[in-house]
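Let chain A serve as the given structure and place chain B on it in line with the hints.
Here is what each chain is made of, one letter per residue.
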Amino acid sequence: MNLRTKLTAAVTLSLLAASALPAAAAGPFGKKKTTDQTVSRKPSPAQNALIDKAITREAAVIKALKERQPLVETYIQNMRPDPAMIQVPEADAHYLTRINFGKEINQTSYAEGKHDSSDGKTGKLDGLKHAFSGLSGLTKTLHLSYDEGGFVRMVVIDSNGPNGDGFDRQHYNFYFVRNDFLGTVPTVVFDVEPVKKSAGRFFGRVWVERNGGNIVRYNGDLAGEDKDRAEYYHFDSWRTNVGEDLWLPTASYIEETDPKSPAHVLKFKAVNHIWGYSLKVPNKDADQTSLEVEGAIDTSQQAPDVSPLQAQREWVQQAEDNVIDRLYTAGLIDAPSDFDKTLSDLANNILAYNQIPTSRPLKVRILLTTPLESLAIGNTILISKSLIDTTAIPSADGAQQAGNLNALLAFQVAHIILGHRIDTKYAFSDRLLFPSQAAFQKLPMHHTDADNMEAAKKAIELLSVKDLADGQQYFALYLQQLQARERGLQQLTKPQIGDSLLKPDGSFWMQAIISKGPKLDNNDLKQQGATPLGQYLRYDPWTDQVIQLHTTYEPLLSSRDKIPFEITPVYLRLAYWQPAAAPAAAPAPGASVVPVPADPNAAPTAAPADTTNPPTAAPAQPATAPTTGTANPPQN
Amino acid sequence: MKNLILALSFTVACSSMALAQSTPAASRLGDLQVGATFTNADSDYVVNRINGFGFYSDFDFRRHIGAEVDFHQLNDYQGGTNARIYERSYEAGGRYFWNFGRFKPYVKGLYGRGVFNFPLEDASVPRANLAFNTLNLGAGVDIAVLKHLNVRAEYEYQHWFGFPQSSATPQVKSSLTPQLLTFGVAYHFPPGKPRRR
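Residue numbers (my numbering), protein chains in the order written: chain A, 1 to 636; chain B, 1001 to 1197.
A couple of the hints might just be wrong.
Subject to a maximum C-alpha distance of 27 angstroms in a straight line, what follows is the list of computed DSSO-like cross-link-like pairs (lysine-lysine) [claimed, not checked]:
1) A:519 / A:466
2) A:503 / A:442
3) A:227 / B:1147
4) A:267 / B:1193
5) A:197 / A:53
6) A:227 / B:1193
7) A:562 / B:1147
8) B:1193 / A:494
9) B:1193 / A:260
10) B:1147 / A:260
Only part of the chain A face toward chain B is listed, based on derived beta-carbon distances under 7 angstroms [what the hints assert, rightly or not]:
11) 48
12) 93
13) 194
14) 227
15) 465
In case anyone wonders, no lab produced these hints; they're calculated from the structure.
We put the CB at the ideal spot given by N, CA and C, even for glycine.
Isolated chain A (complex conformation) (with noise of 0.2 angstroms):
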């Protein structure tokens, strides 16, 4: 053997025991993470088949998503210190998929559509821009980037297996710690480890429900950082009983300190939402349901025939009910629900107090995606989830709540009144067929910034009547306090198929109103801008409907506890399933915070003359039960 072998064999089995060498075999460095055992112990027979159970649920959770493709949305805040607050987001990120689970859990993105009013422009620096892509481009790839398939990945507890189940006794050592109740379930919790600690397996504690064996919340980190070049964040993921005896994954929190921040400032938080379990796979009874479809009217006693003018808005209509079904079957809008007529009867009152007829009445939708927007599309109005939780600031009478409520309906009620409709191309049933990922391109459902400037102004008018010019206030502080976070907030504020609070320059199109109402004060405990996401709708994962959430009302204690816009984290407090037929439960006695939005006592004092469609004169009721079965009912 000469020299240039025993080279190349010496070179070849360093490599060899380098590569055999294990990550975690630190040495007198590392310090290998293992059970204390003093906390938790081997699991009792019943416990180790109340383990084998839950391995066989997760399987069927697994199957279930494969099937159904539910979308994932997450939602990021990069958090800075800040003297008065603790910490503020510096900076966000905002993703939109559906589950492809194919070997591995993936996710095919939501693509985004285009807002920006230059684009397809050029300007006299693109040629510098693009001489310096290159080398942004190489930074970036340098820089640690958010992957949001890392996020998917937390919707089940290992994915790693030949079918994405790797779940299993053979990988994962368990641990009984106690027994433990979440909401009305009873549940025994075990803490989790893997065998043999490799990247991508799940080491922390699960808490399987005692009576069919399905985990429902599961709360650690995945093993297998690479330090400097990838990482895995700990989580919190709960499940919701959306059937018999299925548990589907509904909410997941996710956050890491500052290790660096010695008054212990998170790094980043974040959420993911899953919903839209029912959209890939047609619900069975879809058949044989009533016939009553929601906004429909009976014209079988009209005339047989119809004029130009109705036929022209028939055509209008015929476009707007195909976008707004695609919109749904794209998991983007929520199911109709009981929360939808409330604000419906918010944007009719609108009209109502200021005597506008309609020839149809004003409906509103939820947006089911976090961004701040809102949109009209012919008499519809959707507004996102996220511009109702964190303008529902809890106060006595609502009158806080309902008067953003109303301002926010009154910018689109403008546009349906100043005549910003729809593009009828979309009456065309052609334009709709595109994967459901390509909706926010497809639909751009956007006004031109000209209208919205119309709109603005309109809106404003709108709400200087007398008994909508009080709320004018609130809605003033709603916007001061997201000025102030505004520039942390970059992904929030952008929308994705509809209008923007903010005009392309960073200030309002209602500024206006502003100087309507108080300068904000983050020290004043009685003055709350804006709640944080999640503050007062959830939706039912299944149905797609949203809920709203009956919450007890916790006093602010320092302007700290304020956390406008803010995520913060999950916590479900879980029930059985209940089929369609069984009654709701009753929210508690002093429960609701704001019960009704709208203001009782605002009803129009007189009926506006010449109105085909007369303004409410009651009050909106409080959502009753929905009509299918519900997966989480209404509870303290």
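For chain B alone, coordinates are given in the frame of chain A:
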């Protein structure tokens, strides 16, 4: 035997990669550092130890695997300008490393080209250059001093293939095996706080 070892090491390397399949929540292409070095070496040619300088860059693109490029210039000035002897090497290859907090020990294997400059007895041609293929093996440690700053200490063994045993008998091939002790400082491109892609 050599083939067997190669096949075995390839299999082990592949299996360690397969374990890292789960998508991380934040990632980047790799970890880059670019730096300069000071080297003290046994040139295996002149009697005294010689000093030199160099540059290096590492791009760690897998959990334990990275690529490295090195440049070394080792100078012996004792004979005056015309009698200068230097050993210059350009190397590229891979390294295997571990992460222990601030410390990143590694072993590396690089292949490259070495240029040997030496004075000729013929005064009309004062110097000559000869180039050889080189194999370089080394081990060292990178230490993260600051977020953007790494220092390193390293030992490197170089094997210059086909180096003539002496100028009198250039047809007799041997090898040159310099051994380098290198200290370096590098700018490190840190991962930073994760942000939107």
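Status of the hints after comparison with the structure:
For the hint linking residue 519 of chain A to residue 466 of chain A, the alpha-carbon distance of about 23 angstroms falls within 27 angstroms, and the restraint holds. The suggested pairing of residue 503 of chain A with residue 442 of chain A holds, with an alpha-carbon distance near 23 angstroms, which does not exceed 27 angstroms. A threshold of 27 angstroms between alpha carbons decides the hint, and for residue 227 of chain A with residue 1147 of chain B the separation of about 13 angstroms falls inside it, so the pair holds. For the hint pairing residue 267 of chain A with residue 1193 of chain B, the CA-to-CA distance comes to about 7 angstroms; that is within 27 angstroms, so the pair holds.
Distance hint between residue 197 of chain A and residue 53 of chain A is fulfilled; the C-alpha atoms sit about 24 angstroms from each other, no more than 27 angstroms. Restraint check for residue 227 of chain A and residue 1193 of chain B: the C-alpha separation of about 13 angstroms stays at or below 27 angstroms, so the hint holds. Between the alpha carbons of residue 562 of chain A and residue 1147 of chain B the distance comes to roughly 34 angstroms, so the proposed pair goes past 27 angstroms and is violated. Between residue 1193 of chain B and residue 494 of chain A, the direct Cα distance comes to roughly 22 angstroms. Compliance with the 27 angstroms bound is thereby established for this hinted pair.
Between residue 1193 of chain B and residue 260 of chain A the CA atoms are separated by roughly 12 angstroms; this keeps the pair inside 27 angstroms, and the hint holds. Restraint check for residue 1147 of chain B and residue 260 of chain A: satisfied, since their Cα atoms lie roughly 12 angstroms apart, inside the 27 angstroms limit. With its C-beta approaching chain B no nearer than about 27 angstroms, residue 48 of chain A sits outside the 7 angstroms limit, and its interface hint is violated. The restraint placing residue 93 of chain A at the interface with chain B holds, with a minimum CB-CB distance near 4 angstroms, inside the 7 angstroms limit.
The interface hint given for residue 194 of chain A is broken, as the beta carbon of that residue sits about 11 angstroms from the closest beta carbon of chain B, more than 7 angstroms. With a least beta-carbon distance of about 4 angstroms to chain B, the hint placing residue 227 of chain A at the interface is held under the 7 angstroms criterion. For residue 465 of chain A, the shortest C-beta to C-beta distance to chain B is roughly 42 angstroms, which exceeds 7 angstroms, and the interface hint is violated.
Consistency note: the structure conflicts with the earlier hints numbered 7, 11, 13, 15.
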